Every structure is written in structure tokens, then in C-alpha cells.
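Colleague: Chains as they are written, first to last, in my numbering: chain A, 243 to 593; chain B, 45 to 209.
Be careful, since some hints might not be right.
Said to hold, decoys possible - Here are the in silico distance ranges between beta carbons for each label pair:
1. Val293/A / Trp74/B: 18 to 26 angstroms
2. Asn143/B / Val288/A: 29 to 37 angstroms
3. Gly302/A / Leu61/B: 13 to 21 angstroms
4. Leu145/B / Val293/A: 30 to 38 angstroms
5. Leu329/A / His170/B: 56 to 64 angstroms
6. Val64/B / Ala319/A: 35 to 43 angstroms
7. Ser272/A / Gly149/B: 29 to 37 angstroms
8. Val288/A / Gln54/B: 18 to 26 angstroms
Calculated directly from the structure, the hints in this document are not laboratory data.
Remember, predicted model here, so these are calculated numbers, not experimental data.
Note that CB positions come from ideal geometry on N, CA and C, so glycine has one too.
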Amino acid sequence: MTFESDRRYTRRDTVLLLLCLTLSLAALFSPAAWGNDVAATLRGTVLSPLVWLQARAEEGRTSRVRFRVVTTERDSAAYLAQFLPSLRAENERLRQLLRLSHRLTASYVAAEVLHQPQATDSRTLLLSVGSRQGVAPFNPVVAPEGLIGVILSVSGTSSIAMSWAHPEFRVSAFTVGGNAFGVVAPSIEGRNNEGALEFRGVPYRDSVPLGTLVLSSGLGGVFPKGIPVGTVIGTVREEAGWERVYRLRPAANPGSAAHVLVLLGSRGGDLAPAFPSDSLLEVLRLDSIARGRRADSVAQAVKAATQAVRAATQAVKAARAARRDSLARTSPILGGTSTGQPAVQPEDSSQ
Amino acid sequence: MSPRRVTRAQVALVLLLLVVLQFYIRPRLWNARVSPDFLLIGLMLFAMRSGAGAGALAGFIVGLIEDTLTPARFGAAALAHTVVGYLAAWGRALFFADNMLVNAGFVAVGLWLRDLIVLVASETDHRQLLTELTFYSPIQALTTAAFALVLLLTFRAVFSVRLDA
Numbered sequence: 243m244t245f246e247s248d249r250r251y252t253r254r255d256t257v258l259l260l261l262c263l264t265l266s267l268a269a270l271f272s273p274a275a276w277g278n279d280v281a282a283t284l285r286g287t288v289l290s291p292l293v294w295l296q297a298r299a300e301e302g303r304t305s306r307v308r309f310r311v312v313t314t315e316r317d318s319a320a321y322l323a324q325f326l327p328s329l330r331a332e333n334e335r336l337r338q339l340l341r342l343s344h345r346l347t348a349s350y351v352a353a354e355v356l357h358q359p360q361a362t363d364s365r366t367l368l369l370s371v372g373s374r375q376g377v378a379p380f381n382p383v384v385a386p387e388g389l390i391g392v393i394l395s396v397s398g399t400s401s402i403a404m405s406w407a408h409p410e411f412r413v414s415a416f417t418v419g420g421n422a423f424g425v426v427a428p429s430i431e432g433r434n435n436e437g438a439l440e441f442r443g444v445p446y447r448d449s450v451p452l453g454t455l456v457l458s459s460g461l462g463g464v465f466p467k468g469i470p471v472g473t474v475i476g477t478v479r480e481e482a483g484w485e486r487v488y489r490l491r492p493a494a495n496p497g498s499a500a501h502v503l504v505l506l507g508s509r510g511g512d513l514a515p516a517f518p519s520d521s522l523l524e525v526l527r528l529d530s531i532a533r534g535r536r537a538d539s540v541a542q543a544v545k546a547a548t549q550a551v552r553a554a555t556q557a558v559k560a561a562r563a564a565r566r567d568s569l570a571r572t573s574p575i576l577g578g579t580s581t582g583q584p585a586v587q588p589e590d591s592s593q
Numbered sequence: 045m046s047p048r049r050v051t052r053a054q055v056a057l058v059l060l061l062l063v064v065l066q067f068y069i070r071p072r073l074w075n076a077r078v079s080p081d082f083l084l085i086g087l088m089l090f091a092m093r094s095g096a097g098a099g100a101l102a103g104f105i106v107g108l109i110e111d112t113l114t115p116a117r118f119g120a121a122a123l124a125h126t127v128v129g130y131l132a133a134w135g136r137a138l139f140f141a142d143n144m145l146v147n148a149g150f151v152a153v154g155l156w157l158r159d160l161i162v163l164v165a166s167e168t169d170h171r172q173l174l175t176e177l178t179f180y181s182p183i184q185a186l187t188t189a190a191f192a193l194v195l196l197l198t199f200r201a202v203f204s205v206r207l208d209a
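All chains, please: the whole structure from these sequences, using the hints.
Modeller: Listed below in C-alpha cells is the structure:
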């Protein structure tokens, strides 16, 4: 490689330098609008590839940032969406519980169910209320759908409820139509590990159709009358022709209950209106239809009787008119001719 | 095609690579204010191997590009790069221009001088001028010089040629 320290600067270099300096100074001190026009022209023509290249680079850089932002937003949305159904369900349950509390005539206290991670969690439930809130053993525990269980033991701020899934749970019950009574107990023949109830002790002669709602009867003094216990979904067995055992789909699920009501105080009275289930409404509707039909039949009978009375009255009037005519024809006083027989036989009104 | 022409073509390719780096890679770097100025590296390496007139003209063109893409004060960058290009070509005669560290030092000084002229010509206020010249420009000068050194080490054979010979 050769050093060029001895290289002479030519006039051409000087001219180029002066020319470039002059142009630069001219651009520097020219009006800003003129400079902007020149810059815009150059950007649109000669330098457009460089602008395009830089735009792609900027797009790539911001795309990465935007991708991160979108990914973060998507992850956040997905995270929140995981809880959305459960929040909605909890909200709906709380609304139902609120409506139930308005309908209940008995005193109550609301409680949270503190679920435990054990497999037997649904048999006994830990509730967040205790004796300080007035809870006592054998208080019924209900959910908006129906019966959950009964308080087993109580401490100051918490209590243990025995749910219907507990093997020792029993409740006296009857069908919503009132045609069958029995005792509801947890099913001893778990089908597909599903929690189910049995409606035992129903006399063989009392047939209970599928879909019938079973309510607590109030017998025994623990559970008030009218709390939905379950719906008949089939027959489990028949005991030697004197008893039928029906399978019930429980009205309320202790495993998923997050909030419940503990009924306090008196257990008298009918709570069925506080639990307007479909079956109950159906029974009420059928009752109203039957009453309507009965009322219709009475009205029709009255109408028929009225029509019969009207017909009889008209017949009497016609007989009287005919008798007057016959008398007029046979009486000489009235200008008639006597034939010895009336022209028209009068109808007997008594017939 | 003569070896000299091949070498000139290689220099042109390296300069083209620097242009691509300037407009496609530099926007992706973490901070454009202190990241290497690839166009200035190309200008300095070209001017130090060319005549003063060619260096001034190359500087003017590079400055015009920057003025066009950064229209803060049209003409300021053209003036600054013209002066820097001319001085780079002129300074080669005074220093050991074949030494890579000297080349890198030229690049660093050239960048700082370019910033000084641009800031003054753009009528920047004193506080910002001081901040730029004492903080950002030295950092950018160092990063630019470091990259220029890497480039010279990588393309040592290419940049051993005298373009004005």
C-alpha cells in the first residue's frame, strides 16, 4: 500500500469543495419551504428506495412491539376469560339466593361454603357462619335450587353441615301432588359415581310419574315443609310388592354450592312458594286448569238448567194461549160454535 | 476486468452494505441516537481513500440524503458532511492513515465534528448543544468507531486500495 502524503491537491478538489459548500450554504439559508420541497422531491424519486427500506425496518421493529402487545393482551384476555363463566355462574347463584331470601318467610343467615380439597367434601360442608350468627345444630341448609342439608355441629364462627350426600342423611318427603309420602336418603347404588337420592317407603299402590318434584314434608320437625329435595327420574327397586323405591335427581348440588342460606328459628309453615320450580308451577297450573274445568262444568249445568226453565215457561204460555182460543171457538158468548170437543188439546204444563 | 477495478467494485459493495445497514438495521437497534452511523463510516472510509474533492462531493451527497430524510434544517447536514469529507481526505496526508486505529479515530472525530456543525448550523440552544456534544455524540462516536474498526478488520484487503491512485 502506498502513502499519498505527497499527493497534491488539485484545483478540481478545491472547485468541488467550493461548489459543495456553496450548495450547502444555499440550501441552509434558502427559505424553509424551498428546502422542504427539494427534500420531498428527493424522497419521492432518488431516495425512495432508502425510504422504503427504512419504512420496512421501522415496520419490522414496531411489528415486533405490536406483536408483543397483542400477545400480552391476548394472554390477559384469555386469563380473564377463564374466570368469566365461573363469575357469571356465581353471580347468577347470588342473584337466585337473593331472590330466595326475599321469598323466604323464615329467618335465615347467609353463609359461604368453604370447600375443601377432599374427595368427601360434598358430604359435609364447612360453612362460614356459626353460633355467633345464630346458627344451631339441625338448622336446615338450603340453596336456591332446594335442600342442601342440615347443620351438624357449630362453633363460634363456623359450622359443619351434613349434606344430603352423607350416608346418614334422611328427610321426610312427599310428592308435589301430595299423593305419595316417603323418606329420602342418599342412594346406595351410585350410578356412574353420580350423587343421587332415593325416595323410599312409597306404598306400592302409589305410583309416582317421572319428573315429579319431591318436597320435604315437614314431618320430624327438622326440615320445614315445601323445600325441594329432588325430581323423580326412575324406579330403583320394588320391595316384594308393598314398597317402591324411586331414584331422585337432587334439586341442589352441595359440591358446587358456594353460597347457601341457613334457616333459623321456627320450622313451621310451608316454604314451597319460596322455591318455584317447574314441577311446582306445573302442578299449580294443572290445579288451576282443573278448577277452571270444574267451574266450566258448573256454568254449563246452570246454563242448561236455565234453558230448560225458559223452554218450560214458553210451553206453559203456549198452552194457555191455546186454551183461550178453544174456549173462544166453543163459547157462544164469545162468538164461537160449540162442538163438544176443544179444537186443540192443551198441553199439560205439568208433563 | 483488472484487479483494481475488482477491488473498487468490492469497495462499492461494502459501501452498499453500509447503506443497507443504515436504513434497514439501524432503525431496529435499541437507541438510534447512540447506535453506529453507518453512512458516516462509509463516507470516512471512502474519503480517506479518495481525493479531497471527491470526499467533499461524497460528503455533500451523504449530507443531502440525511437532510432529505431528517428535514430539521435543510442544508445543515450537507454542509457538515461536506466539511467532514473534505477534512477526512485532507487529514489522511497528515496522519498514518493506514493504521486501523487511526482510521477508527478519524471516524470518531469526524462524527463529533459533524454533530457540532449540524447542531450549530441548526441553531440549537446551548443547553441541548452541550448535552449532545458531551454525552450523546461521544457515545455515538465510540460505537461508530468500534464498528468501523470491525469493518476494517473484516474487509482489510478491500480497504487497502487507494481509490484515487
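Colleague: So, for every hint listed, does it hold in this structure?
Modeller: Each hint, compared with the structure:
1. At about 22 angstroms, the beta-carbon gap between Val293/A and Trp74/B stays in the expected band of 18 to 26 angstroms.
2. Evaluation of the 29 to 37 angstroms hint for Asn143/B and Val288/A yields a pass: the beta carbon distance comes to about 36 angstroms.
3. At about 18 angstroms, the beta-carbon gap between Gly302/A and Leu61/B stays in the expected band of 13 to 21 angstroms.
4. A beta carbon spacing of about 35 angstroms between Leu145/B and Val293/A agrees with the range 30 to 38 angstroms that was offered as a hint.
5. Between Leu329/A and His170/B the beta carbon distance is about 59 angstroms. The supplied range of 56 to 64 angstroms therefore holds.
6. The given range of 35 to 43 angstroms is respected by Val64/B and Ala319/A, whose C-beta atoms sit roughly 39 angstroms from each other.
7. About 35 angstroms separates the C-beta atoms of Ser272/A and Gly149/B, a value consistent with the hinted range of 29 to 37 angstroms.
8. A C-beta distance of roughly 24 angstroms is found between Val288/A and Gln54/B, which places it inside the suggested range of 18 to 26 angstroms.
Going through the hint list in order, the structure satisfies each hint without exception.
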